[in-house]
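Asker: So the chains spell out like this:
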Amino acid sequence: MLEQFRLVGRHERSIRLQTHAGTDVPNIIESGFGREHLERYRQLRQRHGKHWQQRKPACGIYNCAGFVWASRRTSILDEAAWELILNEDGYRSLNQEESPTIGDLVSYRASSAGFLHVGMIVEVTVFTDLSSPTTKVLSKWNSTSGEDVHAPEDVGHLRQFDQEIRIEFWTDRPAPAKGKKRDAESFGAS
Amino acid sequence: MTPKVLEHLKTDEFAVKFGFISNPAAVRRLLLKSNEIADVRRALNQGEISEGSVRTFVNDLVKDFRSGEHFPHDSALSAIAVSLEYRATPFADEFINDLASLRIAELGHSVHIARECKKNRKHLSRTTTKYFILKSKPFEKNGLRFEEFIVPSNPGTLTKNYVVNDYQFGKAA
Amino acid sequence: MPSFEYFLVAESASIDQLSNRISLFHVLEEFKIPEFPFNIHKLVAVSSWNWEEGDDEVDFQSMVSVSVPGKEEPTIVTTNFQMDCERRRVLNYFFDLDLECPGELKFELLLNGESQAHHVVSVKEIDSAEL
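Going down the list, the sequences are from chains A, B and C. According to the numbering used here, the stretch in the first sequence is residues 103 to 292, in order. According to the numbering used here, the stretch in the second sequence is residues 194 to 366, in order. According to the numbering used here, the stretch in the third sequence is residues -1 to 129, in order.
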């Protein structure tokens, strides 16, 4: 039934990738894409990404985790690896008093499905009237999409599954002294 | 003509819904709870579609494979794997095991999802069946021990087989 | 080694495709034969095994030894399997069993040569007074 894949497919490739602690991270350099994927990415942006700003058009090779943790070199598809990297690379979840800053990470976790996506904060706008700063996230949705800049909560395609989506901010920065506020967000199913 | 519940799995709508989530394990969990997979399972269980039609559907999908390009029906293969996850039939075994064993760059998510499905199938009770004719006695010839038994080779037919030492040969009845 | 769960001999067995449950029909306890010799067309010996630590990727062999009344040598059939699941059922169908005289039809189940269980079916001739 699947012999054609075996006969004609290209053997998967990976690179040597490890956490800071030296644990190997399984990865796969994914293929390029065809016209179907271009069309689907266009539909995704049309349906859910009206306010997204495209940084890079559709490209293959890497997914969201590969963009964030492997410099766009490969895809990290193994869920356990995402948790491993957050742990062994010294990331911590921002506490209530902290605000995210450029370079911090944003993860999207569904209540019963686990991690759906991870992106990187690329813009923080601070307002002179001291209202909460706004952040923008750079995301690579999958290994056939482009890269889009968006507001953290602007992920309509992740909200369509009747699950509560929890947005978490992660940083490698040391924990600050007490007193700073953070934007804590969690929204329910649409 | 492809049944509707299967045809939907290769649409852009389905691929856009499930294809832009980067974690295959999460995609599997979402598929498990989805109406689309529930529809396929129900259709299989109630006989509205057969495993044969699923096989035909998959064979059609495979025709769109292009070496070096991400397979356009990766989401559909993932959906089939999840639909068959709790089905203890040889076809489900074949599909999930075959998909899980692939190591090609063009299939990212569906292979990972099939591996998750395969892990979970360990919880299914499995059956090994063999058939023996007691009337005929085992005999020896040229130092080999022959033991005759019959198996169903196609629905409704039986085929005489022989166990020769530990090897099995088939012969039409 | 997988742990033994049950061993029974019945007229037939069926696996429900939807639920994957096994059903046994007419568990055999005795045959009342009007006249010998008599041919039993079909029966099935069913055993069930549970996965234990260390069973992965190991080949196991179950044997069913069938001792027919009046025959000295039992017939032994073997089935190889792996415990790639939590529970493995082994169904051995037997066709064309000839019964020559009354006695005990004994089925012995072995795993890798070690006896695990027995199932005995009494074979009796119907008393003409019962007809």
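None of these hints come from the bench; they were simulated from the model. Model, not experiment: these values are computed from the prediction. Do not rely on the hints blindly, as some may be mistaken.
Said to hold, decoys possible - Below, in silico cross-link-like pairs of lysine-lysine (DSSO-like), each with a Cα-Cα straight-line distance of 30 angstroms or less:
# : chain 1 : residue 1 : chain 2 : residue 2
1 : A       : 158       : A       : 238
2 : C       : 69        : C       : 40
3 : B       : 315       : A       : 152
4 : A       : 158       : B       : 203
5 : B       : 226       : B       : 197
6 : B       : 256       : A       : 152
Asker: Each hint should be assessed against the structure and marked as holding or not.
Answerer: Right, here's what the structure says about each hint:
A distance of roughly 15 angstroms separates the Cα atoms of residue 158 (chain A) and residue 238 (chain A); the hinted pair therefore holds under the 30 angstroms criterion. With a C-alpha separation of about 19 angstroms, the suggested pairing of residue 69 (chain C) with residue 40 (chain C) holds against the 30 angstroms cut-off. The straight-line distance between the Cα atoms of residue 315 (chain B) and residue 152 (chain A) is roughly 44 angstroms, outside the 30 angstroms bound, and the hint therefore fails. Taking the CA atoms of residue 158 (chain A) and residue 203 (chain B), the gap is near 27 angstroms; set against the 30 angstroms cutoff, the hint holds.
With a CA separation close to 19 angstroms, the supplied pair residue 226 (chain B) and residue 197 (chain B) stays within the 30 angstroms bound. Annotation: proposed proximity of residue 256 (chain B) to residue 152 (chain A) is violated, straight-line Cα distance about 34 angstroms (limit 30 angstroms).
In terms of the numbered hints stated before, the structure departs from hints 3 and 6, listed from lowest to highest.
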